[in-house]
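Put chain B on the given structure of chain A with help from the hints.
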Amino acid sequence: QKEVEQDPGPLSVPEGAIVSLNCTYSNSAFQYFMWYRQYSRKGPELLMYTYSSGNKEDGRFTAQVDKSSKYISLFIRDSQPSDSATYLCAMLVKTGNQFYFGTGTSLTVIP
Amino acid sequence: ETGVTQTPRHLVMGMTNKKSLKCEQHLGHNAMYWYKQSAKKPLELMFVYNFKEQTENNSVPSRFSPECPNSSHLFLHLHTLQPEDSALYLCASSHIGGGLQETQYFGPGTRLLVL
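Same order as they appear, the protein sequences are chains A and B. Numbered according to our numbering, the first sequence spans residues 336 to 446. Numbered according to our numbering, the second sequence spans residues 89 to 203.
FYI, nobody ran anything at the bench for these hints, they're computed from the structure. One thing to keep in mind: the hints can contain errors.
Just some of the chain B residues that point at chain A, by a computed CB distance under 7 angstroms [to be verified]:
#	residue
1	130
2	148
3	191
4	194
5	195
6	196
7	197
8	201
In this text, a Cβ means the ideal position worked out from N, Cα and C, and glycines have one as well.
Bound-form chain A, shown alone (with noise of 0.2 angstroms):
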């Protein structure tokens, strides 16, 4: 079994649409996940960073955690073209540096 599991997608979604992006994972030891945005030829670039079991918001961008499910989301309103990309899950367990990443999924967002 993978440490973390993402569908790959694609995912395409019409403007404006509520897109919700999901992680499961096996390792319970996991304390701090991440959400990266990766656009086509870039860097991973972190977008959200979560400790806790509960909901992070910051503006259009929601990231909610639940341990007990061992699933993370990653929830954007309002979805613009510019939201276009690929978004990698993440998790690190804090005892060491070995992050473990999902395989990341593309979405797509038509205007």
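Then chain B, alone, in the frame of chain A:
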């Protein structure tokens, strides 16, 4: 320059060539990383340097050789590569310890094609 920079951005090399990738971070971090990103695969951690000391080497073939002369610079020396080594090579940095957010910041990557 700010953040994490990488050079070159694109590289085409033959299997008998020797080349080096360079990474520089301007964030004051104490750890640097090399990742390999191939299509439809998770990011593969290759090397970790923590306070200039290598702490991780995930069974990377010896044709990849890292060098970290100081906490701001990281190199990846390449020699006798194979076509399957073609990928995007990403450098990242982070701050380990001190109670600060231990997340990684990535460079733009070097797109490598081995012919």
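In rising order, the numbers of the hints this structure does not comply with: The structure breaks hints 2, 8; every other hint is satisfied.
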